[in-house]
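Asker: Working from the sequences, and respecting the hints, build out all of it.
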Amino acid sequence: MRTLIIIAIALLVVLHQDFWWWDRAQPLLWGVLPIGLAWHAGLSLAAAALWLAAVKWCWPAHLEVEDDPAAPPPTPREDAP
Amino acid sequence: MTAFVVILAYLALLLALGLVSNRFFRGTATDYFLASRGIGPFLLVMSLFGTTMTAFALVGSTGESWKEGIGVYGMLASSSGIVHSACFFLVGIKLWSWGKRYGYVTQIQFFRDRFQSPMLGLLLFPILVGLVIPYLLIGVIGAGITIEKATVGAMPGLFPGTHGAIPFWFGAALTCLIVLTYVFFGGVRGTAWANAFQTIVFVGLGVVTFLIITGKLGGAQAATAAVMQAHPEKLTRAGLSKLHFTTYLLIPLSVAMFPHLFQHWLTARSARTFRLSVVAHPLLILLVWAPCVLIGVWATAAMIHGKPVVPPGANENAVLGLMVNRLTGGTYGGQLLGGLLTAGILAAIMSSLDSQFLCIGSIFTHDVVGHYLGHERLSERARVVIGRGFVILVVLVTYLLALTRPGGIFTLGVWTFSGFAGLFPVVLAACYWKRASAAGVIASVLVTAGTWLWLFARAGWGAEGQAMFLGMMPVATIVAASSAVLVGVSLLTPAPSDLTLSRFFGRPRPVAATPTRAVTADVAATPAEKWVGKF
Numbered sequence: 001m002r003t004l005i006i007i008a009i010a011l012l013v014v015l016h017q018d019f020w021w022w023d024r025a026q027p028l029l030w031g032v033l034p035i036g037l038a039w040h041a042g043l044s045l046a047a048a049a050l051w052l053a054a055v056k057w058c059w060p061a062h063l064e065v066e067d068d069p070a071a072p073p074p075t076p077r078e079d080a081p
Numbered sequence: 082m083t084a085f086v087v088i089l090a091y092l093a094l095l096l097a098l099g100l101v102s103n104r105f106f107r108g109t110a111t112d113y114f115l116a117s118r119g120i121g122p123f124l125l126v127m128s129l130f131g132t133t134m135t136a137f138a139l140v141g142s143t144g145e146s147w148k149e150g151i152g153v154y155g156m157l158a159s160s161s162g163i164v165h166s167a168c169f170f171l172v173g174i175k176l177w178s179w180g181k182r183y184g185y186v187t188q189i190q191f192f193r194d195r196f197q198s199p200m201l202g203l204l205l206f207p208i209l210v211g212l213v214i215p216y217l218l219i220g221v222i223g224a225g226i227t228i229e230k231a232t233v234g235a236m237p238g239l240f241p242g243t244h245g246a247i248p249f250w251f252g253a254a255l256t257c258l259i260v261l262t263y264v265f266f267g268g269v270r271g272t273a274w275a276n277a278f279q280t281i282v283f284v285g286l287g288v289v290t291f292l293i294i295t296g297k298l299g300g301a302q303a304a305t306a307a308v309m310q311a312h313p314e315k316l317t318r319a320g321l322s323k324l325h326f327t328t329y330l331l332i333p334l335s336v337a338m339f340p341h342l343f344q345h346w347l348t349a350r351s352a353r354t355f356r357l358s359v360v361a362h363p364l365l366i367l368l369v370w371a372p373c374v375l376i377g378v379w380a381t382a383a384m385i386h387g388k389p390v391v392p393p394g395a396n397e398n399a400v401l402g403l404m405v406n407r408l409t410g411g412t413y414g415g416q417l418l419g420g421l422l423t424a425g426i427l428a429a430i431m432s433s434l435d436s437q438f439l440c441i442g443s444i445f446t447h448d449v450v451g452h453y454l455g456h457e458r459l460s461e462r463a464r465v466v467i468g469r470g471f472v473i474l475v476v477l478v479t480y481l482l483a484l485t486r487p488g489g490i491f492t493l494g495v496w497t498f499s500g501f502a503g504l505f506p507v508v509l510a511a512c513y514w515k516r517a518s519a520a521g522v523i524a525s526v527l528v529t530a531g532t533w534l535w536l537f538a539r540a541g542w543g544a545e546g547q548a549m550f551l552g553m554m555p556v557a558t559i560v561a562a563s564s565a566v567l568v569g570v571s572l573l574t575p576a577p578s579d580l581t582l583s584r585f586f587g588r589p590r591p592v593a594a595t596p597t598r599a600v601t602a603d604v605a606a607t608p609a610e611k612w613v614g615k616f
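Taken in sequence, the protein lines are chains A and B. Residue numbers for the first sequence follow the working numbering, so the first one is 1 and each next one is one higher. Residue numbers for the second sequence follow the working numbering, so the first one is 82 and each next one is one higher.
Rather than coming from a laboratory, the hints here were simulated on the basis of the structure. It is possible that some hints are incorrect.
[Unchecked claim] Straight-line C-alpha distance at most 30 Å; calculated DSBU-like pairs for lysine-lysine:
hint, chain 1, residue 1, chain 2, residue 2
1, B, Lys323, A, Lys56
2, B, Lys323, B, Lys148
3, B, Lys297, B, Lys148
4, B, Lys175, B, Lys515
5, B, Lys175, A, Lys56
6, B, Lys297, B, Lys388
[Said to hold, decoys possible] Derived list of chain B stretches under chain A, where covered just means 3 residues or more per stretch with a C-beta under 8 Å from a C-beta of chain A:
hint, region
7, 153-162
8, 307-317
9, 341-355
[Claimed, not checked] If you want a taste of the chain B side facing chain A, the calculated C-beta under 8 Å gives, among others:
hint, residue
10, Gly299
11, Ala301
12, Val360
13, Leu573
Glycine included, C-beta positions come from ideal geometry on N, C-alpha and C.
Answerer: As structure tokens, then:
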């Protein structure tokens with residue numbers, strides 16, 4: 001699933017470069033949105049859906065360890081060499 | 082006068098919010114700078130969105146679309162929806178985790194520790210502060226101008242020199258004072274609350290303005306049909322270079338290196354808190370940017386009494402104001418909407434300013450005073466007092482610099498984003514590349530600074546705008562140079578020690594069965610705090 005999500009994100013970046021209707025306004029979605037704008041609005045929705053999938057299936061669960069009540073208190077490293 | 086009253090009411094509300102948030106302040110430095118790492122998902126999404134969106138999201142997007150057409154959405158909005166969330170997901174959560182584990186408060190502390198290099202901290206300090214200051218100036222100057230324009234005729238007796246408008250120096254001072262008050266008293270919690278409120282205000286007002294303007298233009302279909310007839314090129318990207326469009330995709334990478342965003346990430350209660358931000362960020366961008374881009378494009382063909390609503394040659398930053406004022410025809414409702422819109426613009430400006438002021442104050446407190454004087458010599462209370470002192474100093478210096486009204490400051494904004502984006506390979510390598518060495522990172526930071534300065538000088542120090550290099554945005558060259566040097570020098574120099582690598586990439590501890598409050602919480606939460614923490 002992780003590989004699929006990575007491929008989907010790469011695909012989203014490629015689809016962002018929509019040169020194929022660069023000079024076209026038609027068709028107008030609902031008679032309002034030119035195709036170039038409708039496409040990118042759709043990309044925003046697709047991005048949200050994709051990040052939802054990433055959160056669901058690729059969540060870095062190991063980073064949640066900080067909630068462990070048995071974990072030692074944080075060690076400030078502000079005086080690192 | 083109506084606009085003036087609305088603005089004052091809005092600023093008073095913000096002030097009240099800052100003072101209320103002070104009631105939740107626990108008196109510790111961790112609470113002042115990081116809200117005891119207890120911010121919930123709703124406040125985090127609002128903070129992150131409010132901080133990354135400036136006045137440009139409302140005013141600039143409308144003006145740019147009026148000038149360039151619909152391509153502005155793809156260049157700035159849909160790209161940010163993809164890249165910002167990627168930065169939150171891939172970089173933000175990791176930095177939050179290490180920040181909580183090792184007690185970091187600032188970005189410089191992290192880099193110094195991750196690469197065991199005090200020199201890196203010393204190098205990053207002036208670069209990060211230097212890049213944030215123009216960003217702060219944009220906000221203060223933008224707020225002063227916005228208030229002056231919105232209050233023309235409000236107080237002719239008091240300010241005859243500005244046709245009764247609140248003069249720039251006074252509007253800028255008022256904005257600084259309001260932000261300073263809630264940052265001073267509420268710290269990052271006050272900032273998060275104010276950001277949530279302000280984000281709701283500017284998102285809501287954007288939608289309301291869009292609906293009213295759509296109605297005045299005879300509906301969305303009629304407005305688009307008028308553009309199709311008068312300026313069909315505005316509904317395409319015909320005037321936009323493809324390489325320019327593609328390389329603009331690198332600009333949003335800057336969020337991964339914003340020091341003020343780093344501080345907001347560290348306030349999260351748990352890694353799970355990030356989930357809502359990662360998913361909702363592209364949707365919020367859509368909600369704000371799509372209506373503004375449409376208004377901008379419609380403005381190219383909008384007519385009133387046989388004349389264009391926005392005359393050709395108008396200042397692009399005035400487009401949104403002209404559409405509201407002229408289409409609502411000076412009615413009471415129109416004045417009210419004008420006032421609310423001004424409040425929305427101020428909301429967008431101040432929701433970025435507050436985080437930046439606090440973050441610079443935090444950097445001075447921890448990376449200068451604390452680091453060189455010794456953290457152990459400073460009590461919790463002393464750190465808060467020093468932090469507050471630095472916030473006052475930073476606000477004062479920014480205000481005085483803003484009074485000089487430096488030219489080309491808005492162009493400088495995109496240049497600062499390019500600088501932060503140039504540092505992106507450094508933070509990415511810190512999170513994912515074990516072989517990245519201190520020397521590689523230092524060389525990369527130096528090359529970023531050098532390439533940035535060279536390209537900036539080549540563009541007449543901003544006088545020639547972005548001045549494409551090889552047909553690309555300058556950011557592309559900066560990121561390429563920074564990445565190449567990082568990889569090359571890292572491979573030629575010794576890798577970090579095993580001890581360092583095990584601290585950052587060692588085997589994680591098992592997940593706790595029952596989530597608990599942040600381990601750094603220093604005082605037991607009251608029932609009111611528990612309720613607020615849910616957000």
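Asker: A separate judgement is required for each hint: does it hold in the structure or not?
Answerer: Against the structure, the hints:
{"no.": "1", "hint": "B:Lys323 / A:Lys56", "in the structure": "violated, 35 Å"}
{"no.": "2", "hint": "B:Lys323 / B:Lys148", "in the structure": "holds, 17 Å"}
{"no.": "3", "hint": "B:Lys297 / B:Lys148", "in the structure": "holds, 21 Å"}
{"no.": "4", "hint": "B:Lys175 / B:Lys515", "in the structure": "holds, 14 Å"}
{"no.": "5", "hint": "B:Lys175 / A:Lys56", "in the structure": "holds, 17 Å"}
{"no.": "6", "hint": "B:Lys297 / B:Lys388", "in the structure": "holds, 15 Å"}
{"no.": "7", "hint": "153-162", "in the structure": "holds (count 6)"}
{"no.": "8", "hint": "307-317", "in the structure": "holds (count 4)"}
{"no.": "9", "hint": "341-355", "in the structure": "holds (count 3)"}
{"no.": "10", "hint": "Gly299", "in the structure": "violated, 12 Å"}
{"no.": "11", "hint": "Ala301", "in the structure": "holds, 4 Å"}
{"no.": "12", "hint": "Val360", "in the structure": "holds, 5 Å"}
{"no.": "13", "hint": "Leu573", "in the structure": "violated, 23 Å"}
When each numbered hint is compared with the structure, violations occur for hints 1, 10 and 13.
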